[in-house]
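Residue numbers (numbering that gives the first Met the number 0), protein chains in the order written: chain A, 0 to 874; chain B, 0 to 874.
Honestly, the hints are just simulated from the structure, not real lab data. Wrong hints could be hidden among the right ones.
Derived BS3-like pairs: lysine-lysine, alpha-carbon spacing no greater than 25 Å straight-line [claimed, not checked]: (1) A/Lys627 <-> B/Lys476; (2) A/Lys654 <-> B/Lys476; (3) B/Lys727 <-> A/Lys647.
There are 2 protein chains.
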Amino acid sequence: MKFVYSFEEGNKDMRELLGGKGANLAEMTNLGLPVPRGFTITTEACNNYYQNNQNIDNNIINEIMQNITKLEQKTGKKFGSDTKPLLISVRSGSRASMPGMMDTILNLGINDQVATSLIKLTNNPRFVCDSYRRFIEMYADVVDGLDRNEFEKILSEIKEKKQAQFDTDLDANAMFEVTMRFKALYKKLKGKNFPQDPKIQLIEAVAAVFKSWNNERAEVYRKMNNIPHDWGTAVNIQEMVYGNYGNTSGTGVAFTRNPANGENKLYGEYLINAQGEDVVAGIRTPQSIDTLKSIMPNIYVQFESVAKTLEKHYKDMQDMEFTIENGHLFMLQTRNGKRTAHAALKIAVDMVNEGLITKEEALLKVDPNTLDQLLHKTFDDEELKKLHPCTTGLAASPGAGTGKIYFNAEDISKAKQRGEETLLIRQETSPEDITGMKDANGILTVHGGMTSHAAVVARGMGKCCVCGCTNITVNEKDKTLTLPNGKTLHEGDYMSIDGTTGCVYDTQIKTKEATVSGDFETFMNWADSVKKLEVRTNADTPKDAEVAKKFGAKGIGLCRTEHMFFDKDRIFNFRMMITAPDLEKRKLALSKILPYQRNDFEKLFETMNNLPVVIRYLDPPLHEFLPKKDEEIKELALSLNMEYQELKERIEALKEFNPMMGHRGCRLSITYPEIAVMQTQAVIEAAINVTKRGINAKPEIMIPLIGDAKELKYIKNIICTTANEIIKQSGVNIKYLVGTMIEIPRAVLIADELAKNADFFSFGTNDLTQLTYGFSRDDSSKFLKDYYAKRIFEKDPFATIDEEGVGRLVELGVTLGKKGNPNIELGICGEHAGDADSIALCHKIGLNYVSCSPYRVPTARLAAAIAAIREHNNK
Amino acid sequence: MKFVYSFEEGNKDMRELLGGKGANLAEMTNLGLPVPRGFTITTEACNNYYQNNQNIDNNIINEIMQNITKLEQKTGKKFGSDTKPLLISVRSGSRASMPGMMDTILNLGINDQVATSLIKLTNNPRFVCDSYRRFIEMYADVVDGLDRNEFEKILSEIKEKKQAQFDTDLDANAMFEVTMRFKALYKKLKGKNFPQDPKIQLIEAVAAVFKSWNNERAEVYRKMNNIPHDWGTAVNIQEMVYGNYGNTSGTGVAFTRNPANGENKLYGEYLINAQGEDVVAGIRTPQSIDTLKSIMPNIYVQFESVAKTLEKHYKDMQDMEFTIENGHLFMLQTRNGKRTAHAALKIAVDMVNEGLITKEEALLKVDPNTLDQLLHKTFDDEELKKLHPCTTGLAASPGAGTGKIYFNAEDISKAKQRGEETLLIRQETSPEDITGMKDANGILTVHGGMTSHAAVVARGMGKCCVCGCTNITVNEKDKTLTLPNGKTLHEGDYMSIDGTTGCVYDTQIKTKEATVSGDFETFMNWADSVKKLEVRTNADTPKDAEVAKKFGAKGIGLCRTEHMFFDKDRIFNFRMMITAPDLEKRKLALSKILPYQRNDFEKLFETMNNLPVVIRYLDPPLHEFLPKKDEEIKELALSLNMEYQELKERIEALKEFNPMMGHRGCRLSITYPEIAVMQTQAVIEAAINVTKRGINAKPEIMIPLIGDAKELKYIKNIICTTANEIIKQSGVNIKYLVGTMIEIPRAVLIADELAKNADFFSFGTNDLTQLTYGFSRDDSSKFLKDYYAKRIFEKDPFATIDEEGVGRLVELGVTLGKKGNPNIELGICGEHAGDADSIALCHKIGLNYVSCSPYRVPTARLAAAIAAIREHNNK
């Protein structure tokens with residue numbers, strides 16, 4: 000096995016083996032661009048290092064040294080030589096970009112003797128000492144883990160002594176002193192002299208870079224960005240070029256286009272007489288790349304041409320590092336540049352217009368998951384830069400929210416009437432909090448995961464929400480919130496939450512409104528022209544439906560009828576229905592709910608004229624709706640003509656040990672068929688009423704929680720009997736579909752049988768994930784954090800479909816479903832339907848549509864398009 | 000399609016089509032036995048009747064009438080004739096025996112004219128009038144649904160008037176009067192004359208029998224006996240023979256052997272001058288069959304010979320109906336007789352000894368599910384006959400228990416000290432009730448299903464238990480229990496429960512001890528010689544293990560380590576472990592638990608010398624173990640050096656919304672690896688200690704609730720590292736296996752991956768059923784009753800494996816498991832492992848062993864043998 004590749008041997012498609020940086024250095028080399036010569040030690044070598052108990056194998060060391068020899072031949076310099084010494088840089092570079100996460104060592108190969116001969120050779124003692132002191136500090140930090148601040152302190156002391164503002168103000172003597180003191184400090188801290196053997200320096204440095212793959216910040220970064228822990232990093236070894244050679248030298252970074260707004264113009268900054276790290280470290284304020292035009296016009300023209308070449312070659316905006324050594328330009332890195340969602344969109348559309356890329360290529364350039372950034376409020380960038388989050392939780396629903404904190408829905412509503420901006424703070428939310436959630440600018444909860452009540456409802460509302468913020472303490476009674484640092488906030492204090500990042504701030508922050516440009520429309524139309532999946536929305540109100548339609552939803556894929564019961568007057572009747580002691584009283588209560596439901600459905604049908612509306616019948620366990628307060632129970636008892644004690648016992652009896660697996664979904668209609676009858680009346684009568692007004696209603700009735708063929712038959716029979724009777728009597732021709740959710744593992748196993756009685760399946764992957772894993776979504780966030788910490792899980796299975804388990808079930812359900820009914824319509828309506836990776840899986844499995852919350856509709860459209868393009872490209 | 004078969008056309012293997020009675024009448028006809036001639040209308044005709052909106056198709060009517068014509072030709076009589084009239088009987092007969100559940104009409108074909116001519120023909124007016132009045136009453140009841148009591152009242156009046164004790168004491172005139180008044184009553188009740196057209200009588204009677212398939216008692220019977228509702232009943236039409244012809248006539252029922260104790264001797268009873276229904280109705284006291292020997296010696300000899308012929312032919316004990324008409328014997332029915340478990344065993348063993356059947360045939364003759372009747376106390380039969388249950392619940396753990404009722408474990412224990420016999424009454428049980436459960440004679444709970452805590456623990460203890468008795472109200476605080484009839488019982492009142500039937504009585508009932516005869520041993524050895532499945536037991540204590548070994552268990556398939564924490568001193572340390580605020584305190588608590596666990600394991604290894612012992616690591620959610628009472632929390636806080644309030648909050652924080660899908664099983668060891676370390680120490684050190692004493696310990700460590708390959712690797716690594724280190728230090732050679740439960744649907748889907756790291760799989764079908772259906776086992780009994788009532792479910796999926804869903808998953812798990820590890824050992828340890836049907840499935844799927852509670856071990860051995868025999872027979 001070959002562990003080392005010279006740049007001439009590599010190319011840009013070898014990033015798995017050479018890392019991103021190595022692959023692109025090879026590519027640039029082969030494009031004939033000015034790249035310092037060098038080679039790459041592969042990611043396999045890194046994995047070998049870890050398998051080998053963190054030792055570099057002798058074979059690998061030999062291969063490295065052979066390549067050093069080749070590099071010596073190419074450069075005419077010699078590693079450790081006292082005549083024409085070769086210095087090198089040692090840089091990490093993994094498959095995915097992990098900026099600043101791993102370590103770099105520059106100027107390696109220098110020692111006392113080499114320094115002396117370099118001074119002779121260059122006649123630039125300041126440059127040599129500057130290089131040496133930089134090397135000592137980096138080496139001490141990276142290889143030996145010594146405290147960098149100790150070295151910086153010395154530099155500061157000497158700068159103060161010499162009254163120098165910047166390190167560039169220090170002359171050769173001063174730099175010499177720095178170097179000597181660094182060496183002494185190293186000896187003091189480490190207990191031995193600074194290593195003089197370049198080969199030892201090199202091997203130790205390579206090992207240190209391998210090791211840095213597993214440093215804490217790299218681990219956290221990978222987890223945040225879903226980068227697998229077993230990829231490993233490559234190491235790039237290059238002949239040094241010196242930006243610190245003097246005032247005709249410098250170093251910088253630049254983008255081929257503006258990464259913030261997408262403008263087609265070089266964007267970047269550089270420092271004269273500096274090495275790479277100085278730009279990042281912010282020791283001096285770098286200059287805008289524009290100024291290079293006047294300072295070094297030739298270099299600027301050359302750089303601009305290189306940038307154009309790279310952009311054309313990579314067909315993407317590039318993020319480049321460069322060094323100017325004594326009037327010569329060298330390229331140290333290029334990669335596809337990170338950009339805001341806004342910039343990504345503009346660049347993609349511009350590049351198509353410039354003829355640089357096709358529409359399909361443009362679609363692949365925007366991360367679907369970032370799209371809803373464009374649709375939500377954000378914090379003011381400048382203000383945000385100055386702040387640190389006081390804690391973080393789960394980024395449950397995107398957007399930025401700021402306001403005075405309140406601890407219950409009632410207080411929120413009162414504050415709103417006073418004209419205040421508010422945030423709702425809760426242990427967890429329940430249906431009773433809905434009004435408060437509507438009125439607040441955002442929601443912060445201590446418990447609950449990505450599919451908790453707060454998260455689901457907030458996403459539906461397009462309201463920002465941070466969930467599962469378990470390291471704050473909320474006392475709802477005292478109306479206080481205690482931060483991890485011990486600070487306690489009270490009702491009325493300001494906080495801010497960012498539902499896109501999960502960050503929480505204990506202060507007010509200015510927000511700015513979302514702006515969607517014309518590019519958005521153009522771009523999304525391209526997406527629609529290639530995607531095969533239809534995108535519907537989860538919407539329970541005409542307002543949600545309206546928003547989703549604006550974002551391109553082609554129907555409602557999930558209307559949760561229980562959400563229609565949350566209003567105050569409605570819930571009372573609903574509670575009467577649940578607790579009714581006999582059929583007659585239950586029917587009475589249902590008859591009071593019927594007009595509300597019918598009216599709601601009419602509005603939905605009107606909003607969604609000509610588009611399908613999937614209506615899911617009552618799903619959650621009944622006790623979720625029950626009153627908790629004594630006074631409410633008393634009022635209810637009065638209306639039901641029941642004794643208070645009797646009602647209280649009935650409410651008690653409805654409690655369940657595991658409500659998620661309890662009396663809910665279609666099981667309610669098995670016990671109380673009259674519920675399904677009422678809901679069918681509401682749906683069909685609404686359809687008839689709007690049809691009379693010229694609307695084309697397309698109701699699709701969906702039965703939740705089906706697990707058995709006879710169960711489906713029983714309920715379908717109730718629905719069809721009721722519906723057909725009403726239709727017959729009305730004389731209006733109404734077409735309706737009846738389908739089922741597939742959210743119980745058993746439903747998958749018997750999907751062929753179910754399909755014979757279903758017009759459509761909608762995979763409810765929230766519940767399916769719960770039951771397939773046996774993870775209660777309300778409880779699992781507590782223990783899953785240990786799964787992430789111990790690297791057992793890399794992703795949240797409630798956020799992205801678990802392809803290996805749940806995905807297999809969905810696939811089996813599709814195969815069996817089509818076997819049972821070749822014309823069956825197949826969709827998904829869990830939270831996964833708004834996640835790009837999951838949508839790709841849905842496309843692959845062959846679903847007809849996905850249905851997500853309104854603000855995820857553009858994400859879903861783009862993700863569907865990308866999945867179609869990738870499939871086509873792979874053929 | 001042919002809907003009617005003459006007896007000559009049928010045989011005993013056609014019971015699906017002809018029903019049991021029809022098939023056996025055909026068989027007896029073809030054996031040359033004296034059977035009244037006739038034909039059978041098939042079960043398909045019944046199903047056709049239901050599909051046809053409860054109408055008999057004209058084609059079927061024609062076929063029936065053609066067969067009547069054939070019958071007329073064979074008998075030389077004519078239906079409705081006034082010279083030689085044919086009367087017939089119309090009897091139901093389904094595939095499975097459903098004694099007395101459906102309807103029968105005798106003497107059909109009689110009308111005023113026929114009666115007159117019959118009197119002429121027979122010169123026996125009493126017999127004719129007796130037949131006519133019987134027909135009117137049966138017809139009025141069965142066809143028209145009129146109240147039979149109204150007719151019986153008239154008969155009583157006339158008997159009183161004539162001072163007759165029995166109906167046989169009435170003379171021809173009196174019978175004539177009865178007949179006339181019956182006709183008048185019919186007209187009064189029905190508003191029209193009694194139908195005179197024999198064809199109408201016949202078709203109405205056939206329809207009525209079809210209809211009786213769905214009467215309430217038949218439905219209940221089918222549900223209790225797991226008979227599918229869609230089988231339908233056949234109808235048998237036969238020439239009448241008359242047991243009511245006079246004193247040389249009679250009718251009776253008999254068994255070829257004693258159905259109560261199995262003695263090989265005719266057993267039965269008969270009535271002189273009576274028709275079939277009289278024996279059942281108990282109008283007169285029937286005589287023992289023995290007396291027939293002296294009264295009609297020829298008939299007795301003939302009957303004895305027929306009985307022998309039938310037993311030999313059917314190779315089973317027969318339950319026969321016969322009629323003697325004027326000195327001639329006629330056989331009206333034969334079928335395999337029902338018998339007690341005790342008789343079944345004796346008959347099976349005797350028949351092998353008599354050379355009548357093979358051992359394999361003998362094994363098939365005993366229902367495995369009845370075997371544990373032999374191992375448990377039962378109620379005194381005589382006392383039980385006089386009583387009605389006051390309510391019923393789930394038959395959760397077999398046996399009979401009687402005693403004074405108490406409402407908590409403490410009161411039970413106090414009562415026991417006073418020498419009282421007790422029953423524990425609870426809403427539901429929890430680990431804290433264990434001592435009370437041990438001390439009581441039985442357990443009755445309001446909530447919970449077949450796999451609830453009470454049920455599982457009771458079965459493990461061999462203690463009788465009735466669960467899910469939802470129509471009684473228990474007030475634990477007031478210590479009262481209210482029955483469905485409103486009667487309230489108090490602490491100290493007597494009750495009795497039958498865990499084999501689910502019956503509950505509000506009085507004391509004498510019980511008798513179990514007796515196991517020598518036949519049992521012989522029979523079970525036959526079972527072992529043919530079965531392929533190994534049978535292990537679920538046992539948590541040496542006592543359980545001892546019992547199970549006595550019943551033939553070949554190892555422990557499931558030791559639930561959490562059950563070892565229930566003792567009072569142990570649970571305190573366990574609670575300390577759970578609530579410990581930091582690792583150090585948790586380790587301290589664990590170190591106190593270690594000696595207990597080690598000691599327990601040593602005892603188990605000793606009891607199970609040379610046999611495998613599967614030890615499952617901690618499984619249930621931690622909060623199940625937490626103290627609820629304030630004083631307990633205070634005591635615990637003191638030991639942990641925590642504030643009371645802090646501990647209370649910690650306990651509160653451990654509560655979960657859906658604990659079954661929460662922080663439990665292997666998830667506990669992901670968070671707290673030190674638990675797995677301690678348990679491994681205990682297992683391995685115990686194995687070392689007993690090995691030093693010459694015991695051959697075979698520990699198999701089982702990890703519960705695995706759902707991911709990395710999760711398994713992580714925990715297996717902890718176990719193996721700990722175990723190997725201890726073994727190495729001890730110098731004792733200990734072999735141990737590490738395996739996993741398969742109880743999460745996802746584990747099935749990735750079983751190939753899991754198998755690579757598992758020595759064995761044990762299917763935990765309780766949890767697998769919960770998650771596959773999404774049925775919380777603690778909550779589902781509440782709503783599943785509606786599923787049974789509406790015929791959506793026929794069986795309890797927690798009692799018998801759902802073959803279509805859960806069964807498929809188990810099969811997939813086996814296939815994938817063997818793919819990943821061809822040597823993997825496969826078992827099942829859910830409650831299903833003690834259910835005969837489920838064991839048959841386990842055999843079919845190819846598991847290596849089943850593990851059930853001690854008292855189900857014989858059931859499992861026999862069920863396994865039967866499965867092996869059936870498989871062999873089907874080849």
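Each hint, compared with the structure:
1. A/Lys627 <-> B/Lys476: holds, 22 Å
2. A/Lys654 <-> B/Lys476: Satisfied, since the Cα-Cα distance of roughly 19 Å is no more than 25 Å.
3. B/Lys727 <-> A/Lys647: At roughly 62 Å apart (the allowed maximum being 25 Å), A/Lys647 and B/Lys727 break the hint.
Of the numbered hints given earlier, the model fails hint 3 alone.
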